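Each chain is listed here by its residues.
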Amino acid sequence: MKHDFLDKYSKLGSVIHKLDPRAKIITFLLFIIFVITTAPHDYLSFAAYAAVISIVVFLSKVPLSYVFKRVLVIIPFVLLVAIFLPFANKGPEGWTIFWNVMIKSFLAVLATIMLSSTTKFHKLLKGFELLKFPKIMIMMLAFMYRYVFILVDEAHRMERARDSRYFGGEYLRQIKIVCNIIGLLFIRAYERGERVYQSMSARGFDGNIITMNELKYVKSDMIFYIIFTGMILTIKIWSLF
Amino acid sequence: MKKVIEINDLCYSYPDEKIALENINLDIFEGESVGIVGANGAGKTTLILHINGIIRSNNGNIKVIDMEMTDKNIRKIRSKVGLVFQNPEDQLFSPTVFEDVSFGPLNMKLSPDEVIKRTTDALEMVEMSGFENRSSHHLSEGEKKRISIATVLSMNPEILVLDEPTSNLDPKHRRELIHLLKKFNKTIIIVSHDLEAMLELCDRTVLMNKGEIVKDGKTRELMSDRKLMEDNYLECPLSLKN
Ligand SMILES: Nc1ncnc2c1ncn2[C@@H]1O[C@H](COP(=O)(O)OP(=O)(O)OP(=O)(O)O)[C@@H](O)[C@H]1O
Ligand SMILES: [Mg+2]
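Residue numbers (my numbering), protein chains in the order written: chain A, 59 to 299; chain B, -4 to 237.
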């Protein structure tokens, strides 16, 4: 079975897609920090940041409908937290904080979505690795990405096997079967872990993760750095005066 | 001829006390191609996991290329013995094909240029060039199988050990794999239920049943012995029947 919901659209070939993952990680991280540290009343800056990220969305050629669907998944959670703010702080101040939280999280979420939907997962990991994130964490994410779908498939297969032999019955029995499936899934995952470790050992793995640097900055990465960090830096500095 | 693998009085039981290997004595010589056959659960996989030190038993001893199987030697042994597992899903664990195939060479601490060269060469050998940046969960079973073999070829092993190499391959790719293995002029050990392929590839065959070696001899002779084959839940290959 094939799955790609984690990094759908990451295979498009736009200018943004072709950038070095490190350039994107750093720029988007800066973007998020700048947005978060903007003063609550500075709506002009927010508008400017929105314009910058819109340009990125436009350049990336990722369908707008997809971007907004992704945003809609996350915004309700923010709303759930933010909705109490106006009540906790009396008067117009409360609403300012509310809008402030909403706008900031919207922009930050937009930036993360752009990062994940314009970068293949393995490139993203490589980028984080070269930016000196802990290797063990990157390896965990890599394994997750590799095996989560296999586990999902395994669960589906067991479910299908159950359905093909199960013709309805008591509720209690049904619960028991589901529990068995969950237990079995756990054992299978554990055993797979063991076999994967065996195959790593067989190829000389001794606990040290050795990787290779296959990324190289090219001219377009530099141009992107200069233009986009330049833009957000200008907005930041200009808002300080 | 030089002995490359020497197994003496090897016994092994899994933690649940099921006896998987009993009194195994086996010598394999340089340049030989040896098949291991036997019914499901006969202990074939368990035996070859010992050659690489993945499973270690207290009973009996194993020597690979004049090296005793000890903690000190195990790294060296593993770089000499390339083991391809039965299930590609266990062999391919990296986000991309390139990372999987370069995993072994990197662990051997080769230079980056050498790693890239070995990886590219290995992929070319199994005719999977151009798949470097694909992720393995989007490949077909046969493609996964071939990449699995490449992950070991890239280490340039002295001894190649394959568990079920032809399963899930279509006839064309099975044929190509057989050609590939024929060209590999080092020691090779194949575990398989594909007796026809063994007949082509291996001069010598070891027959296992319930954890023991029942017979060790010339492939052709062993496989045409109808009674022996059937007593061990196997069947003579069609090409030998008449
Ligand atoms: N991890 C394990 N724990 C306990 N018992 C095991 C384990 N792996 C294998 N066995 C048992 O050891 C015996 C030998 O298994 P092995 O996998 O070596 O067989 P095989 O000859 O490779 O079979 P197949 O042709 O099906 O691959 C079997 O009876 C099996 O049930
Ligand atoms: Mg087996």
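By construction, these hints were calculated from the structure, which means they are not laboratory data.
Computed from a predicted model, the values in this text were never measured in an experiment.
A couple of the hints might just be wrong.
Within a straight-line C-alpha distance of at most 25 Å, the following computed PhoX-like cross-link-like pairs (lysine-lysine) qualify [claimed, not checked]:
| hint | chain 1 | residue 1 | chain 2 | residue 2 |
| --- | --- | --- | --- | --- |
| 1 | A | K294 | A | K193 |
| 2 | B | K112 | A | K274 |
| 3 | B | K(-3) | B | K177 |
| 4 | B | K75 | B | K236 |
| 5 | B | K75 | B | K222 |
| 6 | B | K67 | B | K104 |
| 7 | A | K274 | B | K178 |
| 8 | A | K190 | B | K(-2) |
| 9 | B | K(-3) | B | K236 |
| 10 | B | K210 | A | K193 |
| 11 | B | K(-2) | B | K178 |
| 12 | B | K167 | B | K(-3) |
task = Find the hints from earlier in the document that the structure breaks and name them by number, from lowest to highest.
result = Violated: hints 1, 4, 5, 7, 8, 9, 10 and 12.
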